[in-house]
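Chemist: Given the coordinates of chain F, work out where chain U should sit on it, guided by the hints.
There are 2 protein chains.
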Amino acid sequence: METVKTLLLGGTVVTMNEQFDVFEDGAVAINGHQIVAVGTRQDIVARYEADEVIECDGKFILPGLINAHTHVPMTLLRGLADDLRLDVWLMGYVMPTEREFVSEEFCRLGTKIGCAEMIRSGITAFADMYYHEAIIAETTAQIGMRGVLGQTILRFPSPDSESYEHALAYTRKYIEEWRNHPLITPAVAPHAPYSSTKDMLKQCAQLAMQYDVPVLIHISEMKQEEDDSFDQYGMRVVPWVKSSGLLNAKVLAAHCVHINKGDMQTLYESDTTVSHNPTSNLKLASGIAPVNEMLENKLTVGIGTDGPASNNDLDMFEEMRLAAILAKTAANDPTALPARQALLMATRMGAQALFLGDVTGSLEVGKYADLIVVDADTLHNSPKFKRNTDAVYSQIIYSTKSTDVAHVMCHGEWLMKNRDLLTIDVPHLLEEARLYAEKVDALVDAFLIAHEGDVLKKLIAVGGVERTESFEVQVKVRITDPEIVQKLLKTYEVEILRETHYHQYDTFFLFDAPEMGRVRYREDDKMDEKGNVAEVRARLTYTSPNKERSFNSAILLSRSRFIAPADRPLRFYREYFQAATVVNLSKDRRRWRILYQDVVYFINLDRMLDTDSNEMFLEIKSRTWSLSDAEHKADGIQRMLSVLGIAPEDFVYKDYLEIYQEGVVG
Amino acid sequence: METVKTLLLGGTVVTMNEQFDVFEDGAVAINGHQIVAVGTRQDIVARYEADEVIECDGKFILPGLINAHTHVPMTLLRGLADDLRLDVWLMGYVMPTEREFVSEEFCRLGTKIGCAEMIRSGITAFADMYYHEAIIAETTAQIGMRGVLGQTILRFPSPDSESYEHALAYTRKYIEEWRNHPLITPAVAPHAPYSSTKDMLKQCAQLAMQYDVPVLIHISEMKQEEDDSFDQYGMRVVPWVKSSGLLNAKVLAAHCVHINKGDMQTLYESDTTVSHNPTSNLKLASGIAPVNEMLENKLTVGIGTDGPASNNDLDMFEEMRLAAILAKTAANDPTALPARQALLMATRMGAQALFLGDVTGSLEVGKYADLIVVDADTLHNSPKFKRNTDAVYSQIIYSTKSTDVAHVMCHGEWLMKNRDLLTIDVPHLLEEARLYAEKVDALVDAFLIAHEGDVLKKLIAVGGVERTESFEVQVKVRITDPEIVQKLLKTYEVEILRETHYHQYDTFFLFDAPEMGRVRYREDDKMDEKGNVAEVRARLTYTSPNKERSFNSAILLSRSRFIAPADRPLRFYREYFQAATVVNLSKDRRRWRILYQDVVYFINLDRMLDTDSNEMFLEIKSRTWSLSDAEHKADGIQRMLSVLGIAPEDFVYKDYLEIYQEGVVG
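Quick note, the sequences are listed as chains F and U, same order. Per my numbering, the very first residue in the first sequence carries number 1; after that it's consecutive. Per my numbering, the very first residue in the second sequence carries number 1; after that it's consecutive.
This is chain F alone, in the form it adopts within the complex:
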């Protein structure tokens, strides 16, 4: 007779092992962090005794559930804004609020609430993508859950990083700190292909492979992503991601709503796994993921709740059930994704999706004791028929509620007993959450209106908004002789890629509070060789206030800038934005797109129209998502200025609006 730490006796043990063994009146023996025996009660009590014996009669004993995709601190944004268009929701609410509020403290509190809710719904392991991920790791480890926790990397500034280079550096440090932890697997989380550059993805892959940690990324969540990818790169999202080298790392791809059979093949061949997130996909109107086809194509597919801001909870029972029933309608086949398969995706296959298949996901000897005990003797699960061997799966998936979870153990430690959380102080947490909500309620309205939110939201509401590169490097010089530009263009190191000539008519909408940013309506009249208008295009640009600094005397601007086509008359926008001040400016612009020492720049030769002076300016500019690239380009501009013989004291540090705004109020 061997003595172990804990014995679970009685109840229906649903192992989810390869043979799908189910033991009626079963038992599980746990010692240290691991499962040491699984079988019938009779068998186990004959071999083991324990200090702690838990009677599980009338209960299901299951592997702990695996939440394959979430953003756990977003519990703190739950219900902040719902039933909105995705772009309005993301750019108008979530991102501005995150920029303002997401801090280490935010992530600590949000993670506590999220972990508490996940444990209550029977989750023992989850994959996360958010900011300040080291804080999330610390909090998760303290609570005692298992996590594959990915630090988010974006090509634009994020709540915790000014640039993607900063985010990569943070991630490297985070991985080094956490990579040997028994509960935490640190991971690299480039947000999505559309918010990455190819070079950024390449660096993410290198980092992940260097430390052998997973990559977490959103792939093909919206149809628009596929369309844009094709427009921009001439290929679908998955092949483009593959071309970056990212799939050489071990990748868990969230959503995959709009992938096709070829994409599935690519993902399968690269051992990429998938998280299916049905509630979020329905709620944001992303579409219905082809889960049946993924499974037919042998992909490893887990189930995720996604973040609580788009769900709005972290309930894996709801998610399993929805995955099972939605797949039937998607396949037009009620036999598709049967209950057992749904449970498999949330347990053993889910663990494989997180690259944790060896340590968790099923009740098997040698795996960590990550398991849950669930009340089966409930009204909503009565009566229970046993004639069908799959009936137990049907009861778990179609009738059981997350609130039926009684006990939760992770890594051999109890996290919940009789619905009491043992590692989290819930009343204290609820109070903290209440105080936080009060603070946000007080601030958020003021913030969203007074800050860029309101103007940007208005812009987003008229549609088609895109975010542009975060970094702009530029110099501007007042000149008298336009021929000076030829001096540069004729250098052997310059190759002219394109030359264009515009008349540009700008209308600036300005607001009382400078932090509200500004909107520019620009009509670009493209001129032909004879000086006639060949083509007209109008677009809107929203710019938040600049954060400037100079590099080698060039100006580096870091700012949020959004552009959108202006397909309505100027009069409409004039009324729509209700600006405090409207300023008109027009100029003649000759523009060259050049390669200088193999790097792309723009040269603008501008002559102001409708001003007394008819002043002329020369601009050298470049934009990029990368901070190091910006610094590199600032050096290039410096070298071009030497060629032109222009000294820093000649630079003009104001933009055109600042130079001409006075007295030109419309």
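A portion of the hints provided could be inaccurate.
[Said to hold, decoys possible] Capping the alpha-carbon separation at 27 Å, the derived lysine-lysine pairs in BS3-like fashion look like this:
id, chain 1, residue 1, chain 2, residue 2
1, F, LYS476, F, LYS490
2, U, LYS458, F, LYS386
3, U, LYS417, F, LYS417
In case anyone wonders, no lab produced these hints; they're calculated from the structure.
Modeler: Below, chain U alone, put in the same frame as chain F:
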């Protein structure tokens, strides 16, 4: 200061009245069965005092939820068979099990379990369609819930009625008994257009209009129904139903998944209301109902769980949430069906869908006190922002769980307090359910295999099965002179509609237990005038054992008979059905479809082939869904026999198989 029965003080009162008033720190005063005041706590405590004061701080006070479509005793079939094709599920499992097990006792127990589960999930009123509905009414009234309870009427025999005439008679009696009850609204429930005859629907409408009670019916749940309706009647389902006159009654139509804009217009003009049942529709792969379009077309749409055999629970919070998120993907618009609209459909609009809009569905003075108090201070609802006035609806729909419902009041009486059911003995009920499941487990396998289930299931599995008319009236006579038939055909009262000539090759698959029924494979060779084969058709017929009785010496057969096209070789079916005995029979058949006294009959003149005798038989037959019609037709056959001068003593009471089976074993 007025004294009332009950005061609910504090919490967020979500009235769902026309103005969508919400009172933070609100209150509700209840006296007798009714709501006498709704407002702020300050306002109400200044005007009322009460013996019973319930503190509701940190809670939502909402109207009781309305479940617009269910089959409540089907709790007893929950999880019996899942993840199956609809025809396999319905014809192979549910219907045979219902025929065997559904009794008054079944309905009483199933209703208790269902009501207990519904009260726990915050439902105070529901629309039901099942058998023995008077028992369901009695049980529901005892428990204290509000119900619109429809007695099911089918054109074929059902668990409580041998024919639709019996069901109509039962329904009339049931309505008379219950029509003045304060909680129960009896209703007429023709199951669906495809399981009705037009005449049956007409009679349902007359009955409903006579007593001014609602009609409940399933409409356009599966795409197949629309296709079949068009094939059979040359029109879509809704116009066909309209042509029967049914829509002149007040009709609540469940599902409406495949209706189009014209159908919506028809339903709107006839004041027909709709129940949307998203879980059931997904789980059975029926499709996604066009709810947004229905609402745009001003239809009154409630939300229903459907029966627990296809859901598998009775959780309106799940259902509201799914309705809200599914509509967004269906519309490809995340702003579609916002949270407030989902709650409206489950409260005030749901009550209107049940034709109870005047008495329940919102917290308004003068309406019955049907209300629920729901815990809002939960982890999964933290934090709660108030900046957005719609945030409360978002919290209720997207984050709240049915298990958060604390108290439930219906008709001014408490049904649940602190999750304790006050009118139902739950432990006793769970024990009853357990005993029932044990009984079914023991019986159902034996029953489903030994009884018709197994053979019928096999037939269903090969596809295309249809149920035929339940009643067959027939006489058969052995004759020597084939010319005798002319005597009848030449009568002035006979009009020949069609004359055909076949060689019929029948193969019967017989099983050891006669109660397993039999399968017939028939090859029909249609002969042309020259006696050559012009056309060949093969089909399968499954027949359960006959229940015979005679009317005026004709034989009336009442039996379950299913036909299917036989599109595979006979050899396949021979192996597939694994019959104990195979019998071959072939005959030459001349067949006339005639009108006799304006009623359709078939006359068969059969000469047996491949038997020693070459015996000849004359048959007069007719089939119908209606028992009274069968009796009427038996009279007609009797009159035709008089014309022929055939006396009852000449009748052959065996069918061909019985006559020739001996010694012809294949």
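Chemist: Hints numbered earlier in the text: which of these fail when held up against the supplied structure?
Modeler: Those not satisfied: there are none.
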